[in-house]
Amino acid sequence: MTKKRLGVVGVIAAATMAFSALVVPSAYANNEIVVWADGDRGPNLVKVLAEKGDWVSGYKITVKSFSNFDALKEAFDKATDASGPDIVMGANDWVPTGAKSGKLAPVTLTAAQKARFTPGQLFDLTYKGKLYGVPVDVNNVAMIYNTDIVKTAPKTFAEMVAVYKANKTSKSLKAGLCVAGGGMSWGAHSIFSALGADAYQFNSRDQIVYGRSFNGTTFGKNVRTLLLDGGKKSNGFLPASDAGCKDNFIDGKVPYAIIGNWEWKDYVAKGFTMNLMPVPGVVANKPGKMFGSVSGALLTTFAAKHGVEAGAKSLLTNFFGSTDGQVRYQKIEGRPPAEKGAALDATVSAAQRGFGAAASLSSLPQIGAFLNNNAGGANYWDSAPAYWTAVLVDGKDPVTEGNKLAAIWRANTTAGKSDL
Amino acid sequence: MTSFFRGKVSFAFKLVVLLLIGSVLVTLTQSAFAQGEFLIAAFLAITVLLLAITYLTKVSIPLKFFLPGILLLVAFVLSPIIFTVTMSGYNYKTGNIISKDEAIEQIQNRGFESDADGTSFDIKIGRYQMGEAILVSDSINGAYFISTETNRVPLNPADLTINEFGVAESAPDFEALADDEFATADETYSGKRFKYQDEFFIALEGFEVGIVSRQVLAYDVDKDQFNNIVSGEVYVDNGRGNYAIADNPDLYLEPGWRAPVWFENYTKLFTEERLRGPLISVFTWTVIFASLSVITTFALGLLLALALNKPIRGRRVYRSILILPYAMPSIMSILIWGGMFNTEFGAINNLLGTDIAWFQSALFAKFAIILVNLWLGFPYFYLVSSGALQAIPSELLEAAAIDGANPRQIFRRITLPLLLQILSPLLIASFAFNFNNFNLIYLLTGGGPRAELDGELAGATDILISFTYKIAFGSSVQDLGLASAISLVIFLLIASISLYGLRKSKVLESFQ
Chain A
1 MTKKRLGVVG VIAAATMAFS ALVVPSAYAN NEIVVWADGD RGPNLVKVLA EKGDWVSGYK
61 ITVKSFSNFD ALKEAFDKAT DASGPDIVMG ANDWVPTGAK SGKLAPVTLT AAQKARFTPG
121 QLFDLTYKGK LYGVPVDVNN VAMIYNTDIV KTAPKTFAEM VAVYKANKTS KSLKAGLCVA
181 GGGMSWGAHS IFSALGADAY QFNSRDQIVY GRSFNGTTFG KNVRTLLLDG GKKSNGFLPA
241 SDAGCKDNFI DGKVPYAIIG NWEWKDYVAK GFTMNLMPVP GVVANKPGKM FGSVSGALLT
301 TFAAKHGVEA GAKSLLTNFF GSTDGQVRYQ KIEGRPPAEK GAALDATVSA AQRGFGAAAS
361 LSSLPQIGAF LNNNAGGANY WDSAPAYWTA VLVDGKDPVT EGNKLAAIWR ANTTAGKSDL
Chain B
1 MTSFFRGKVS FAFKLVVLLL IGSVLVTLTQ SAFAQGEFLI AAFLAITVLL LAITYLTKVS
61 IPLKFFLPGI LLLVAFVLSP IIFTVTMSGY NYKTGNIISK DEAIEQIQNR GFESDADGTS
121 FDIKIGRYQM GEAILVSDSI NGAYFISTET NRVPLNPADL TINEFGVAES APDFEALADD
181 EFATADETYS GKRFKYQDEF FIALEGFEVG IVSRQVLAYD VDKDQFNNIV SGEVYVDNGR
241 GNYAIADNPD LYLEPGWRAP VWFENYTKLF TEERLRGPLI SVFTWTVIFA SLSVITTFAL
301 GLLLALALNK PIRGRRVYRS ILILPYAMPS IMSILIWGGM FNTEFGAINN LLGTDIAWFQ
361 SALFAKFAII LVNLWLGFPY FYLVSSGALQ AIPSELLEAA AIDGANPRQI FRRITLPLLL
421 QILSPLLIAS FAFNFNNFNL IYLLTGGGPR AELDGELAGA TDILISFTYK IAFGSSVQDL
481 GLASAISLVI FLLIASISLY GLRKSKVLES FQ
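Line order of the protein sequences matches chains A and B.
Counting in UniProt numbering, the first sequence runs from 1 upward without gaps.
Counting in UniProt numbering, the second sequence runs from 1 upward without gaps.
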């Protein structure tokens, strides 16, 4: 190589280094707390923080939004020390896997801070005795009915089926009850429960009972009586899929629908009143239990690596877990706030209260350790919709399939005990 | 043209391009280095060096042409293969993702417990006698003290400035940090444990609150074990990426780390009934699916090529139309077909006047998959067959006709054998592609139908790659080590089948 060429190479090397130094991506600044959230919560957080941003003195709070909840979960699963968030707005069933994988860090709340939440809400974000975040919003569904078709709130499941059959032809009904929010597993639990199939069992002292499941035969017989014609074919009351439910309900083609608390504004906009209630049971006053869970602001282990652990913990308690923070946030987000003070705030809407009231009437804690477990051959999320397909589409015997379902859920609960 | 490649302008252009590529690569190098990805950083640095040497000197002219390909091959083909092979020998799954050092650090960080009363204090952070300290307000008992890592100094309330909530704001010799200093002090203070009493310490939970805790799990570096100071339990390295109690392996600490288990992931495939059963049926269906896909697409493609090989009216239009399915993004086609097969509102049931639940029945679902793949694949074989037909010397066909062979005999004895010899590598490549045709299965049936209530792990239309995906990402426990092992088995299967096919067709010999 000639001296001239060497000089050129040297110049290029220097220019390359200089140029790249200009464009090198900045690492997290040590006064920046990064929060990851999904496409709904993220933009709303940005709005709230734009109104008031000084929740932790000396820190800048940056919110990164992902297109949807699945995208957020995928990104969090792949997050690295350099790219990961300090706080992530996640579901309660992220806690066991996040803690196992070393991505979530425990937080310790004072007695006063704990008192702002119900024990069940804190339990939702606890794994093996450690709390991994603060509850932010309550996630649940509730049943709504169309007052143009149904004049009074139903007291039993059979009453709803009777209404459907009576109006099926005259009102061109496409179904009697459908699941618009939460899908045929999470959203449909209250239907399972109303017909006698709870995902796991509690005793009279509210303790989980291991090694026992619902009675598959009783449940199957209820399904046969209420959802099938002639014991085999679906009577059309409950579709096996949630496809089209929301539109059909809004169009007046379905009298009862299970809706999520994140979408009530869509129904209010169409003129529906929030006459929310649990799904009535086989007998009166024994409604089906819906999953009542919380989403939380979860502390990550990345916060310590970014040197903002104390700041992130302060943000959790000062903003995410405070009355003021949740009132401001839920005013925009529109879900029922988890924090007790915020839930009682005058600005909380009737719909938000309605979901809270329905949950208080009949709900079941959402325990990821059982629901995500597949020791029985399939987890709750796969086995629940599979039951509806098997019975309502494939025409399989509801009792036989009910007993299979009971065995799966029993095995999952037993195996999930070690993850609590 | 020659002067452009050799002149000063070309040299300047080359410099600019190299500068830009080099800048991007150096940026990526720094980023990789900052994230602790030292292997990637080293590879990128070497790449920059190689690019500079190759394109600014005359060390090797051929290398100027080969280098980009070689670098991309290493980055996107060899590295993933090496990583997959390595990880197939590891216990690498949810709960065993991080390194051992990180796991030890996190177990230590989690290995504390609050005191029985859950005592917490309002605190102010600052400095005392040149060291980090906290000013602690026990407002319930009216007690105040300064706590450092080694000392606890009681304070007289009369000497303090106390706010309306009973929280001390300042104390003699205690220099509280200003709000704007919190961020810079965060890392220093977060890791500190300030003296309380006996084995209990105060740890920060934010800047305003301190929690009284004690360390329960202590790491013994010499013995590489964790000791539970309270219960006396000893957790030793179980050789599988967790610290566990020796005589009760089910009791282990989390998180674990990725640890070598050598061939365990491979033996699992044959010893675990949960995997062995579905693996055999999935493998069988994979071979059938790949074979049927190749046979049907090739047959239809060839048929159309033969039909359009003769001068007929509107041949160009037909050819253009036939290529359309190939020109359309396959993902879109698959999704549209998925809609057409919908039981309630799908076009196929509407046209046939049936209410077949296509994706609920194993047989119908398999038929649907083969049909959709035929739609997606036949234009390719139509194109290559058309080309190959042109390559067959017309003299051969004419001679056969003169010798009295009928068209069927000509096709069977001359055209098809010659075509097969030309197209064999493509048929084998198509088989290999379909063996791993993840998109089609995932988007059309999701591997289903699957009898979840019967505990089936694999669906009726799952092929090996979609089954692998289910194991790796399909549940809350992501078993990446096991998925890597299955991937490697798939790789070996395809390589063996391809090699066998190529040898059988004697194509390699004809290319030599």
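What the hints contain is simulated information worked out from the structure, not anything from laboratory work.
Cβ atoms here follow ideal geometry from the backbone N, Cα and C, with glycine treated the same way.
Be aware that a few hints might be false.
Claimed, not checked - DEER-style ranges, computed between Cβ atoms:
hint	chain 1	residue 1	chain 2	residue 2	range
1	A	Ala112	B	Val221	33 to 41 Å
2	A	Ser67	B	Glu273	38 to 46 Å
3	A	Ala375	B	Val221	18 to 26 Å
4	B	Val77	A	Pro43	51 to 59 Å
5	B	Val16	A	Lys60	31 to 39 Å
6	A	Lys417	B	Ile140	35 to 43 Å
7	A	Phe123	B	Val77	28 to 36 Å
8	A	Pro43	B	Leu20	29 to 37 Å
9	B	Gln35	A	Asp247	39 to 47 Å
10	B	Gln197	A	Ser67	46 to 54 Å
11	A	Ser83	B	Leu49	46 to 54 Å
12	A	Lys60	B	Phe66	26 to 34 Å
13	A	Gly271	B	Ser291	40 to 48 Å
14	A	Pro43	B	Val59	48 to 56 Å
| message | Please list, smallest to largest, the hint numbers that this structure does not respect. | response | 3, 4, 7, 11, 12, 13
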